[in-house]
Amino acid sequence: TFTITPVVDALSESDETLTFAIASGSNYAISPSSGSTTLTVIDDTPTVSISASPTSQAEGAGPVTFTISRDKTSISNLVVNLSPSGSTIASDFSSDPFAITSATFSGSDTTTTFTITPVVDALSESDETLTFAIASGSNYAISPS
780 TFTITPVVDA LSESDETLTF AIASGSNYAI SPSSGSTTLT VIDDTPTVSI SASPTSQAEG
840 AGPVTFTISR DKTSISNLVV NLSPSGSTIA SDFSSDPFAI TSATFSGSDT TTTFTITPVV
900 DALSESDETL TFAIASGSNY AISPS
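In the working numbering, the protein residues as written are 780 to 924.
One should not assume that every hint holds.
What the hints assert, rightly or not - For each label pair, taking beta carbons as the anchor points, the in silico distance ranges come out as:
1. F877 - F799: 46 to 54 Å
2. A914 - T780: 42 to 50 Å
3. V898 - D850: 32 to 40 Å
4. S885 - T784: 51 to 59 Å
5. S828 - I801: 41 to 49 Å
6. T910 - T816: 28 to 36 Å
7. G865 - S915: 45 to 53 Å
8. D788 - S874: 54 to 62 Å
9. D794 - V858: 14 to 22 Å
10. P923 - F781: 16 to 24 Å
Said to hold, decoys possible - Only pairs whose alpha carbons sit at most 16 Å apart, straight line, appear in this in silico EDC-like list of lysine to aspartate or glutamate:
11. K851 - D788
12. K851 - D822
13. K851 - D888
14. K851 - D823
Because the hints were derived from the structure by calculation, they are not lab data. Think of the CB as a built atom: it goes at the ideal place given N, C-alpha and C, for glycine as much as any other residue.
Construct the entire structure; sequences and hints are all you get.
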(Lines of atoms letter the chains of each structure in order from A; the text may use other names.)
(Lines give C-alpha, C1' and ligand atoms only; values in the text may rest on other atoms or scores of the structure.)
Protein backbone atom coordinates (compact mmCIF):
# COMPACT_ATOMS: atom_id res chain seq x y z
CA THR A 780 0.00 0.00 0.00
CA PHE A 781 1.15 3.53 -0.76
CA THR A 782 -0.59 6.90 -0.65
CA ILE A 783 -0.69 9.65 -3.29
CA THR A 784 -1.96 13.03 -2.07
CA PRO A 785 -2.81 15.60 -4.76
CA VAL A 786 -1.99 19.16 -3.73
CA VAL A 787 -4.04 22.28 -4.33
CA ASP A 788 -2.40 24.72 -6.68
CA ALA A 789 -3.41 28.08 -8.15
CA LEU A 790 -3.55 26.77 -11.71
CA SER A 791 -6.75 26.11 -13.59
CA GLU A 792 -5.97 23.07 -15.65
CA SER A 793 -7.67 20.04 -17.11
CA ASP A 794 -8.25 16.96 -15.00
CA GLU A 795 -5.17 14.76 -15.02
CA THR A 796 -4.67 11.01 -14.82
CA LEU A 797 -1.93 8.90 -13.34
CA THR A 798 -1.73 5.19 -14.13
CA PHE A 799 0.09 2.73 -11.89
CA ALA A 800 1.04 -0.63 -13.37
CA ILE A 801 2.82 -3.58 -11.80
CA ALA A 802 6.03 -4.26 -13.67
CA SER A 803 7.06 -7.74 -14.66
CA GLY A 804 9.40 -9.45 -12.27
CA SER A 805 10.43 -12.82 -10.96
CA ASN A 806 8.62 -14.86 -8.30
CA TYR A 807 5.14 -13.44 -9.07
CA ALA A 808 2.48 -13.35 -11.76
CA ILE A 809 0.50 -10.26 -12.74
CA SER A 810 -3.26 -10.63 -12.85
CA PRO A 811 -4.58 -9.46 -16.24
CA SER A 812 -7.62 -7.86 -14.59
CA SER A 813 -5.85 -6.04 -11.76
CA GLY A 814 -2.30 -5.36 -12.95
CA SER A 815 -2.87 -1.61 -13.14
CA THR A 816 -5.05 1.15 -11.77
CA THR A 817 -5.68 4.76 -12.79
CA LEU A 818 -6.09 7.77 -10.55
CA THR A 819 -7.91 10.85 -11.91
CA VAL A 820 -6.96 14.13 -10.26
CA ILE A 821 -9.95 16.48 -10.66
CA ASP A 822 -8.88 20.10 -10.93
CA ASP A 823 -10.48 22.74 -8.75
CA THR A 824 -12.39 25.10 -11.03
CA PRO A 825 -11.85 28.88 -10.82
CA THR A 826 -14.76 31.02 -9.63
CA VAL A 827 -15.47 34.21 -11.59
CA SER A 828 -17.30 37.41 -10.62
CA ILE A 829 -18.05 40.77 -12.24
CA SER A 830 -18.22 44.34 -10.93
CA ALA A 831 -18.68 47.83 -12.40
CA SER A 832 -17.03 51.13 -11.52
CA PRO A 833 -18.78 53.45 -11.16
CA THR A 834 -22.09 51.67 -10.62
CA SER A 835 -24.06 54.64 -12.00
CA GLN A 836 -23.01 57.18 -14.60
CA ALA A 837 -24.57 60.22 -16.25
CA GLU A 838 -24.67 60.48 -20.03
CA GLY A 839 -21.43 61.99 -21.29
CA ALA A 840 -19.69 61.73 -17.89
CA GLY A 841 -17.07 59.21 -19.02
CA PRO A 842 -16.59 55.47 -19.25
CA VAL A 843 -17.76 52.71 -16.96
CA THR A 844 -15.25 49.92 -16.39
CA PHE A 845 -16.46 46.36 -15.87
CA THR A 846 -13.97 44.07 -14.15
CA ILE A 847 -14.23 40.32 -14.27
CA SER A 848 -12.18 38.55 -11.60
CA ARG A 849 -11.21 34.94 -11.04
CA ASP A 850 -9.81 33.38 -7.91
CA LYS A 851 -7.22 31.13 -9.61
CA THR A 852 -4.71 31.65 -12.38
CA SER A 853 -4.29 29.31 -15.28
CA ILE A 854 -1.74 27.99 -17.70
CA SER A 855 -4.09 28.80 -20.58
CA ASN A 856 -6.62 31.43 -21.60
CA LEU A 857 -10.12 31.33 -20.11
CA VAL A 858 -13.16 32.64 -21.98
CA VAL A 859 -16.04 33.79 -19.76
CA ASN A 860 -19.49 34.14 -21.31
CA LEU A 861 -21.45 37.33 -20.60
CA SER A 862 -25.13 38.10 -20.85
CA PRO A 863 -25.90 41.83 -21.29
CA SER A 864 -29.42 43.05 -20.56
CA GLY A 865 -31.25 46.15 -19.41
CA SER A 866 -33.71 48.92 -20.17
CA THR A 867 -31.26 50.97 -22.20
CA ILE A 868 -30.64 50.87 -25.95
CA ALA A 869 -27.38 50.41 -27.85
CA SER A 870 -27.38 53.99 -29.19
CA ASP A 871 -27.06 55.32 -25.61
CA PHE A 872 -23.38 54.24 -25.75
CA SER A 873 -20.35 54.99 -27.92
CA SER A 874 -20.41 51.32 -29.02
CA ASP A 875 -23.04 48.62 -28.69
CA PRO A 876 -22.74 47.05 -25.22
CA PHE A 877 -25.13 44.27 -26.22
CA ALA A 878 -22.46 42.99 -28.62
CA ILE A 879 -20.17 42.18 -25.67
CA THR A 880 -20.92 38.52 -25.01
CA SER A 881 -17.59 37.24 -23.67
CA ALA A 882 -14.34 38.27 -22.03
CA THR A 883 -11.01 36.46 -22.13
CA PHE A 884 -8.45 36.03 -19.38
CA SER A 885 -4.87 35.57 -20.53
CA GLY A 886 -3.12 32.66 -18.79
CA SER A 887 -1.91 34.12 -15.49
CA ASP A 888 -4.25 37.14 -15.29
CA THR A 889 -6.71 37.21 -12.40
CA THR A 890 -8.70 40.15 -13.83
CA THR A 891 -9.83 41.31 -17.25
CA THR A 892 -11.74 44.50 -18.04
CA PHE A 893 -13.84 46.19 -20.67
CA THR A 894 -15.32 49.68 -20.78
CA ILE A 895 -18.49 51.21 -22.11
CA THR A 896 -19.18 54.92 -22.44
CA PRO A 897 -22.67 56.43 -22.13
CA VAL A 898 -23.17 59.29 -24.63
CA VAL A 899 -25.31 62.42 -24.42
CA ASP A 900 -28.44 62.27 -26.52
CA ALA A 901 -31.29 64.74 -27.09
CA LEU A 902 -33.92 62.52 -25.48
CA SER A 903 -35.46 63.37 -22.13
CA GLU A 904 -35.70 59.95 -20.52
CA SER A 905 -35.77 58.36 -17.12
CA ASP A 906 -32.77 56.50 -15.72
CA GLU A 907 -31.97 53.31 -17.60
CA THR A 908 -30.13 50.17 -16.61
CA LEU A 909 -27.47 48.01 -18.22
CA THR A 910 -26.53 44.75 -16.57
CA PHE A 911 -23.78 42.30 -17.43
CA ALA A 912 -24.26 38.87 -15.90
CA ILE A 913 -21.81 36.02 -16.16
CA ALA A 914 -23.42 33.26 -18.19
CA SER A 915 -22.76 29.54 -17.88
CA GLY A 916 -19.68 28.18 -19.58
CA SER A 917 -17.01 25.55 -19.32
CA ASN A 918 -13.97 25.61 -17.03
CA TYR A 919 -15.34 28.13 -14.51
CA ALA A 920 -17.95 28.51 -11.77
CA ILE A 921 -19.98 31.67 -11.21
CA SER A 922 -19.61 33.47 -7.89
CA PRO A 923 -22.95 33.54 -6.06
CA SER A 924 -22.54 37.20 -5.04
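Going down the list of hints, with the structure as the test:
1. Here the CB-CB span from F877 to F799 is close to 52 Å, well matched to the stated 46 to 54 Å.
2. In this structure the supplied range 42 to 50 Å holds for A914 paired with T780, their Cβ-Cβ distance being about 46 Å.
3. As the Cβ distance of V898 to D850 is approximately 35 Å, the hint placing it in 32 to 40 Å holds.
4. In this structure the hint that S885 and T784 lie 51 to 59 Å apart at CB is violated, the actual value being about 31 Å.
5. For S828 and I801, the hinted distance range of 41 to 49 Å is satisfied, since their beta carbons lie about 47 Å from each other.
6. Here the CB-CB span from T910 to T816 is close to 49 Å, at odds with the stated 28 to 36 Å.
7. At about 20 Å, the beta-carbon gap between G865 and S915 misses the expected band of 45 to 53 Å.
8. Between D788 and S874 the CB atoms are about 38 Å apart, so this pair departs from the stated range of 54 to 62 Å.
9. At roughly 19 Å, the beta carbons of D794 and V858 sit within the given window of 14 to 22 Å.
10. Between P923 and F781 the C-beta distance comes to about 39 Å, which lies outside the given range of 16 to 24 Å.
11. As the CA atoms of K851 and D788 are separated by approximately 9 Å, the hinted pair is consistent with the 16 Å bound.
12. For a cut-off of 16 Å, the pair hint linking K851 to D822 stands: about 11 Å separates their Cα positions.
13. For a cut-off of 16 Å, the pair hint linking K851 to D888 stands: about 9 Å separates their Cα positions.
14. Between the alpha carbons of K851 and D823 the distance comes to roughly 9 Å, so the proposed pair stays at or under 16 Å and holds.
Violated hints, in rising order: 4, 6, 7, 8, 10; the structure is consistent with all others.
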